[in-house]
Amino acid sequence: MLRIDNLIKSFAGEKARGKKKDEAGHSAVFAVNDVSFEVKEGELFTLLGPSGCGKTTTLRSIAGLEKPDSGTIAVGDRVLFSSTGSGRGVNMPANQRGLGMVFQSYAIWPHMTVFDNVAFPLQVRPRGQRPPKKEIAERVERVLATMQLDEQAGRQATKLSGGQQQRLALARALVIEPPLLLLDEPLSNLDAKLRESLRYELKRLQRELGITSVYVTHDQVEALALSTQIAVMERGAVVQLGKPREVYEQPANKFVAEFIGTSNFIPGTVASQQAGRHCVETSNGILFLESPHHLPVGSEVVVSIRPEAVELSTASKGEQAANEWTGEVVARAFLGDAVDHVVSVGRHEIRARVNPSVSIESGTSVHLQLDPSKISLVPVN
Amino acid sequence: MTANLADPAVTPEELTRPTDGPPEPRKGRWRGPLTPKMFIVAGVAAAIGYLALVPLGYLVWGTFFDAEGLDLGSFERAYGDGRIGELWGNSLAFAFGAALLSITVGTTLAYLNVRTAVPFKALFFAASIVPLVIPGILYTVSWIFLASPQIGLLNAFFEPFLGVAPFNIFSLWGMIWVEGLHSSPIVFLLMVAAFRSMDPSLEESALMSGATRLQALRKVTLPLVRPALLSSVLVILITSLESFEVPALLGLQNGIYVFTSRIYFVLRSYPQDLGAAGALAVSLLAVAVIGVAVSRILAGKGSKTYQTVTGKGFRPRPMDLGKWKPVVGVGILFYFFVTVLGPLLVLLYAALLPYYQAPSWEAFSTFTFDNFVQVFEMNSAARALKNSLILGLSAATIVMALMAVASWISIRSTIPGRGIVEQLSFVPLVIPGIVLGLSISFVYLRFPLPIYGTLFILLIAYCTKYMPYGMRYATTSMTQISSELEESAMVSGASWWTTFRRVLLPLLSPGITAGFIYILVVSFRELSSSILLYSPGNEVLSILIWEQFENGSFNVLAAIGVLMVIALMVMVTIAYKLGAKVGLRED
Amino acid sequence: MRKPRTLARTALAAGAVMVLAACGGNPTSSDSGGGGGDTASGPSAAEQLYEEIAELSGQERRDRLVELAAEEDGLNLYTSMNADMVDAVTEAFTDEFDIDVSTYRAGSETVLQRILQEQDANFAGNDVVETNATELMALQQEDVMAQCASPERIDEVPEAGKYEDWVATRFNLFAPSWNTNIITDPPTVWEDLADPKYDGQLALELGDYDWYMALTGYWLEQGMSQEEVDQLWADIVDGAKVVKGHTVMAELMSAGQYGLASSNYTYIVEAAMADGAPLETQPYVNPIIARPNGGSCMKTAQNPATAMLFMDWLLDEGQAVLADQAATPSTVDIESELIPVDGQQLLDEGAEWSQRYDDLLSGVETIGG
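Residue numbers (the numbering used here), protein chains in the order written: chain A, 3 to 383; chain B, 805 to 1391; chain C, 2 to 370.
Hints were generated in silico from the structure; no laboratory data involved. None of the values given here were measured: they were computed from a predicted structure. Where hints are given, some of them may not hold.
[Stated by the list, open to error] Cut-off 25 Å, straight-line C-alpha distance, at most; resulting in silico cross-link-like pairs (DSS-like, lysine-lysine):
{"hint": "1", "chain 1": "B", "residue 1": "Lys1129", "chain 2": "B", "residue 2": "Lys1023"}
{"hint": "2", "chain 1": "A", "residue 1": "Lys195", "chain 2": "A", "residue 2": "Lys161"}
{"hint": "3", "chain 1": "A", "residue 1": "Lys245", "chain 2": "A", "residue 2": "Lys256"}
{"hint": "4", "chain 1": "B", "residue 1": "Lys841", "chain 2": "A", "residue 2": "Lys161"}
{"hint": "5", "chain 1": "C", "residue 1": "Lys245", "chain 2": "C", "residue 2": "Lys198"}
{"hint": "6", "chain 1": "A", "residue 1": "Lys69", "chain 2": "B", "residue 2": "Lys841"}
[Unchecked claim] Now the stretches of chain C that chain B is said to cover, found in silico as 3 or more residues with beta-carbon under 8 Å:
{"hint": "7", "region": "62-70"}
{"hint": "8", "region": "92-106"}
{"hint": "9", "region": "117-124"}
{"hint": "10", "region": "244-252"}
{"hint": "11", "region": "317-323"}
[As the list claims (entries may be wrong)] Chain B is faced by these chain A residues, among others (derived, beta-carbon under 8 Å):
{"hint": "12", "residue": "Leu67"}
{"hint": "13", "residue": "Asn97"}
{"hint": "14", "residue": "Trp111"}
{"hint": "15", "residue": "Val126"}
{"hint": "16", "residue": "Pro134"}
{"hint": "17", "residue": "Arg174"}
{"hint": "18", "residue": "Ala194"}
Where a beta carbon is used, it is the ideal one built from N, C-alpha and C, also for glycine.
The following block holds chain A by itself, in its conformation from the complex (with noise of 0.2 Å):
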């Protein structure tokens, strides 16, 4: 559905929007940075990363915002953008594409009510591809209506509430009904409650339009719970892609292990492989592990332990118990839904996320059972 291939755009001499530094404080030179990637009809497509990783640049490049200096675009049979190809290539501006976007700010016109913020884009078609007003009241309506959004129809879009404006923003994408649309961290402006029931709402919406989505966030949680498929990026480049699940539990670096989600991770190295079966020797004491990683004798490696992969018991499951650790309990925090609890083992503190029935004070010596399943290899290069 959506392709592409060796996107490059950099920043140089170009005083680009997008523009920011990146942690290290250096600003990258390259924007994006041979980016490709296939999104297939229907998925939700995730492109995650911290800011200033390129993932917006990305996006807008799709959109047609922001120009790059190479690379293809294209969605289905159609190439939106192509540095190479017959004569000059192409570039077809943003209002030509025909896709939908969903802007960080939502990009409400204020000046108009909602009607004609939806209104608006079957409104400026080109003649002769314009429907007749009829058609673009009821289509507005019927749009509205998938939002919840038809009592609000004659308000102006400026007195909606923040959820309200959100909705209206994508009423606004779809009404269209674009083969592809692109949110820009739609939820980043809402508040956490309004976020969790806006993001079940997104993904109901975009599994009964079963509509072609790329979405960019840098918010973990919600890329894992919405995506058919997530892209982690770094400094312009897709670091790991892969099904949520994937990423998760198999994260291709030490970047991807330590942004989504927390890990603990000790560094070790392999002491036997057979078959991907890992065998790895740290400091605290020898782990096995399965990784697809397929990593020689010897390798240097990082192990990430994932803190809900950790067990804590007062008792020993026996001496024979495979990764199986001891330390001692030094601070412990109640969440609600669980007890994160940070245990000293020999040089590292381990963070371990345990179901709320187990607490244990501060001070006690514990056992901990590390899931092998649960526990990945992070390859260190």
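Once you have looked at the hints, place chains B and C on chain A.
Leaving out everything else, chains B and C in the frame of chain A:
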């Protein structure tokens, strides 16, 4: 849920069919140079370039060249004066003082008017504009009548209590006071537009974080309207540096000379030393170019910072003043009485007298409407009023239309050379009126179309002269509009022109309206180039005013001033009512 | 937003129109040559008519001009007369000959600039010019005017008003004026202005360098040394106030801002007196400084016969109309002694006198208001 939207089986082919999917790409996928956008953008840039370069070229030519070639003698004549340092010192003190005063007054009034539930709103909105309407000379002379140590009414009133005459209008402070108040409407209009386009919640959130109202104002509100403040400072500084009316009437009495007095002297004798006048204007040009560049850099830095009109709708609702309401109310009444009603009453008083005399029963007994009768009996008054209206309305419309596009070019586009457009649009501000008139007559006397001697040549002069103001008003508003509002329209399929017309223009309306009003009002006062360019039959109001002045009929002049205030107040009210109907609405 | 060429270039290109239009020479150099007057093609049609009519005199001349003017298209007059005066003059002229007059009115410098611009572009905008001596001298130097008034009428004008290409139609009189409520012992001679008793009450006008030049010349002629004259001026300026504009000068004086104006136009003061203002100019301080204002026909006149008729009439019947407007007609004897401002001297030394007057005034001491 409808079948169409809900149907997951819609194939890509169906989605891309022309009637329902994205619009078919128009011919030529790279936008060629002949799109309406290119046409409009290039047209506007060319118009600005033309309007700015005609007088600039004339000025530069006259300044740097004589019949033999390059000649820098004009600089020596302009700056060779031993007192030039003192002249500039006075000028700068005067200009900075006036800028500070007008910005304080204009901004405060605009803030109170737009953002707070201030009492007497209608009254003082009108009052804030009155100084704009009164011709400078009338405004200055009314202040002489109010605050001269010898004959000032305010001094006469306070002297019995204080023992001394407290005010002396014939001083640097007096000059600053009059010029600052007279310029404050420029700031007021700009800031009204800026505040209108600001989300009150930005300020409210500062208040919620524990900031006092003043802190919120200083830390949140003012930084957010910095582009508008900068524009105001720039315009007021340069207009005050150029002004001669106020320094001449108030400063000369005590020997306070400003550098424009040099321009007056070099242009007074024959042959007029346009070269030296140009050499002096070159300094102003340098100030202007640097000023515009600085404001571009500042506005460019974190340009998003100033984008206060965002897609997250907001309600421009006024803030309750609470316990401050009576205080502010009294303050406004005081301001109104002192700076607006005072001069206006003096004018009215003078207009009712055959000649000026201090108020007394004897003076009141000579009250007469003769001066007003004389105005209405003036031969060409009706025609001049009509011409002024035509010119004012057309110039305001044309300039604001051009500048709306120009501000987009300057602020939003990535077109190479966009900065030049803003610089060029500012050039006419530093061109002395006489040079502007000469350059325009020079061109149109040789122009193949019969424009010379028609109203059209005045229109061109007015458009040139007011272009800088229009540009300040338009760019100030443009900086405030979030770029996402424009992008969302593009993504929705709107062409550039449709986006401009249906999204940007309505959102620019606070600035456009303010600029329109400003140009409309001040065009009624324009004399320096009108007087050279008008032709019999094309008289404008300012020419009639000048004639009364030449006749020595100061009191008839006062009557015209009073009538102008009334007429323009009506027009301004209408313009604002219309302007409020489009764009951002208040609750 | 891809642009094949830059906006800057578009904008600059537009300016080229102006440059192309201007390729005839420096636009601001005053000596770039009068247009119609000095072209190589010999005398213009208007000039031929002026010569032809010059042969005639008296009623014959008048009849012939009326006859020719009837075939012409009204009169285009550029003047710096004030509105009341020019309205009275043109109305009377139209009443008498049934000829329409379109009038362009502006300050004398503006009238000059306009004519220079038009002549330079070979645009015949006006038939007659009527303005101040300084500007007329400049136009005479540009050789764009032709003396066209009847010699019989010119003979009536005093020597100070006769020039090669133009003739005085009226005089602007500079005389001290005072507020009768404040000044009880007005000056009787110009030297009195230096009297310390007027300190703080005397006002000078910023632009009156021609008055300064004429008065200085008169004093020197009276046998004063340069030092004495300089001292006199220093004493006058000491304790004086400077105002800009003669109208403001009169207005502020009637309001009582100061009591004595050194050099206002008598007609402005007399107009204020007619309204009841407590001002006075008489008895005149003798001698009166008189600056001639005059008129002439343009070589490029499109309506030359009408132009001649107008000049003849203005020096004849028109003189009475001017007198009615508190002006001082040039052909009527004045009882007071007149010191004319020398037009030629103004043209040659104007800039220098302007500078000297400026220097003199800016030495004004700061006073308490």
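Hints versus structure:
no., hint, verdict
1, B:Lys1129 to B:Lys1023, "22 Å, holds"
2, A:Lys195 to A:Lys161, "21 Å, holds"
3, A:Lys245 to A:Lys256, "18 Å, holds"
4, B:Lys841 to A:Lys161, "33 Å, violated"
5, C:Lys245 to C:Lys198, "23 Å, holds"
6, A:Lys69 to B:Lys841, "18 Å, holds"
7, 62-70, "violated (count 0)"
8, 92-106, "holds (count 4)"
9, 117-124, "holds (count 5)"
10, 244-252, "holds (count 8)"
11, 317-323, "violated (count 0)"
12, Leu67, "5 Å, holds"
13, Asn97, "5 Å, holds"
14, Trp111, "6 Å, holds"
15, Val126, "4 Å, holds"
16, Pro134, "11 Å, violated"
17, Arg174, "7 Å, holds"
18, Ala194, "17 Å, violated"
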